[in-house]
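Could you put the whole structure together from the sequences, leaning on the hints where they help?
Number of protein chains: 2
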Amino acid sequence: MHLACRGHSVSGVDNFWRRNEVKKIGSDSATPILEMPERLAAFKKVHGREISFFEGDILDYQFLSDVMKQTRPDAIVHLAEQPSAPYSMMNRDAAYFTQNNNVNGTLNVIYAMMQFAPDAHLVKLGTMGEYGYDTDFEIPEGFFDVEYKGKKATIPFPRMAGSWYHWSKVHDSNNIMFACRLWGLRSTDIMQGIVYGTRTREMTDDSLLTRFDFDESFGTVINRFCAEAVAGFPLTPYGQGKQRRGFIDLVDSIQCLTIAVEKPATKREYRVFNQLDEVYGVSELAEYVTKIGNKLGLDVRVSHIPNPRVEKEVHEYHVIHEKLKQLGFRPTREISETLQIMLKDLIRFKDRILQKKDAISPKTKWVGGTGSAQAVEVILEGASDKRRMVANSKKSDKLRPQL
Amino acid sequence: MHLACRGHSVSGVDNFWRRNEVKKIGSDSATPILEMPERLAAFKKVHGREISFFEGDILDYQFLSDVMKQTRPDAIVHLAEQPSAPYSMMNRDAAYFTQNNNVNGTLNVIYAMMQFAPDAHLVKLGTMGEYGYDTDFEIPEGFFDVEYKGKKATIPFPRMAGSWYHWSKVHDSNNIMFACRLWGLRSTDIMQGIVYGTRTREMTDDSLLTRFDFDESFGTVINRFCAEAVAGFPLTPYGQGKQRRGFIDLVDSIQCLTIAVEKPATKREYRVFNQLDEVYGVSELAEYVTKIGNKLGLDVRVSHIPNPRVEKEVHEYHVIHEKLKQLGFRPTREISETLQIMLKDLIRFKDRILQKKDAISPKTKWVGGTGSAQAVEVILEGASDKRRMVANSKKSDKLRPQL
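Here the protein sequences come in this chain order: A and E. The opening residue of the first sequence carries number 1 in this note's numbering; numbering runs sequentially from there. The opening residue of the second sequence carries number 1 in this note's numbering; numbering runs sequentially from there.
Errors might be hidden in some of the hints.
Any copy will do: because identical chains look the same in the list, a pair fits if it lies in one copy or spans two.
For lysine-lysine, the following DSS-like pairs were computed, each having C-alpha atoms within a straight-line distance of at most 25 Å [what the hints assert, rightly or not]: (1) K149 / K323; (2) K365 / K267; (3) K350 / K363; (4) K152 / K325; (5) K69 / K149; (6) K295 / K350; (7) K365 / K69; (8) K365 / K24; (9) K323 / K267.
Hints in this document: simulated from the structure, not taken from any laboratory.
This is the structure in structure tokens:
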């Protein structure tokens, strides 16, 4: 909608996997989402512009080729991945679906570009999670200069992802980097922080709202905290809540994607942007939501729960994010301002959240999935969740690369 | 066969994709290969031991789970990948098949291990090609110590692969490293050099021979040179033939795999072996084959052909390969000795090579595949094969990491 309002000719492609899957796992968007024909009609009515749309699956190469041939795009913004880390850790089918959909889908996109739109610019949504959260190094934008045995070189920053989903994104980054080198494609690979918000500037009417997921799989941390606050549940940071992550407001995320599209990579270039605004600790976010929620008359509490993930909870986190700023990115909102907008929006949809309240608390543990209890038992070695986490990080510190 | 002769209880799993696919692309093994029931019977007759066998596809998770439950393996030697780089560069279907088969197949293997054999040791065949051939750094065994902004860390050595096949192996290495960390699996990831040879020590009878491919896809460089020498065709190094690669004799490769199996990684350990014996230049190999072929009465010539691959032809290549030696690996053969054995074997099967002689010369170019001529044209920008290669490496030196 943002690109169309700026005068670009825009086509959408979707197979509606996410809206269907969120329902399957027993949740729904807090914001009501119209069917696509109604959304497109509403957009035309409100903004006076048309967006064309193709329903289909990018795993279907014939479909994808037809779309490419019909649209001959200058830019492709690829957001068509299974986007949830917890979903990918749920069980074998979900892990397989995630890597299959993401790796093969992206391979199809770059192959179709090579065949039908070799000059187009691929803007690919990756994630800051590709780098992982175990490194003491300051995280650069994709590449860094190192010294080894007296020689220097610029090499890709190591990716140490923490879920099958995050690894699928790493595989895609590697495939895209290769396609740029091999076929002379051009791409911007976006290591995005965690996005929060209920609406972009174009969503001036409820008929144009984007989805807002709050379940354990598709809801991200700030969105989940806001939904919990509105529903009257305690906010639930995982473990100590000291995990530090990069964040970006939805409105600013759209600003960044627009910059990437309008100031494209050059032919053959593979460039990496770290797309975030601020770094926060998870408990710190819970405090913000509590403060602003209470101001709005909500009764917000915080209740830490055992961490279902295998992750380091206390760690350094320094990220370079300069390239987008150099191209003109200016953050437009303070987090407190956005949290107010979000909570006010969600208060209107409180009933929709309460209808699906069972979807909020996490059921997916990072170890073993819902697979064989026996195997999980062996791995747990009788340790409690918390002790196991500590044991894991101690043990693995010796055996894995010390990032 | 080698492990069974050493007293291990061995089961094989195969879907016969390679033997079928080599026929589909118009070639065949130079050595005649029996059907599996006959091979197993012959092995029993010659060596007095049984190997059990399961026909099926590791993409079929139910099948794989059943095999795991029935065998409860101590070690899994995973060789079930599409093994050819040129095949993966042929067209979209082949690229997709390669990444789908390899990434999803390996994901199934590690998931089934977690569920049904969590203490087993995964010996996974990777390739030296995962590191690529553009780095000036000495290539370590998987990980290396670097310095960045005054901080030091041990990180994975960057992988800069050169084909969809090689990248699929990188994706697998990453997934396996994660499974070791996440689930406490154990694995040896083998970065193997190029294997050459017609037989292992157990193949004392023609009924036990392994396959020997000489087509452009499944034939590796020394094997192809030997087949060309026997068939009376000139040996065909690609381009200048100055590409340097690591090599290992088939017999020694089996020795290394045996060491990996019998001296397993510890629980939670992900270890990487560089499995090679010597580094040779491609033209140097052509000279060896010429010399030994002529001694055996063949009339061997060399005729360089345009390089169908996108690769650096002149490059540094220093590889550390110490871990296997520390575990007892001792190379047992000089290359000249093996080349004699190979050529003598192949002379007996000369007619079989001549029947498929059209399969020898390369048809798959690294740019564009057999896809849209238009796209290929855009990328070639009118340059000849040779000029394009130079142009590519010059341009991309600026834009890609200087490995």
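Ascending list of hint numbers which this structure does not respect: 4 and 5
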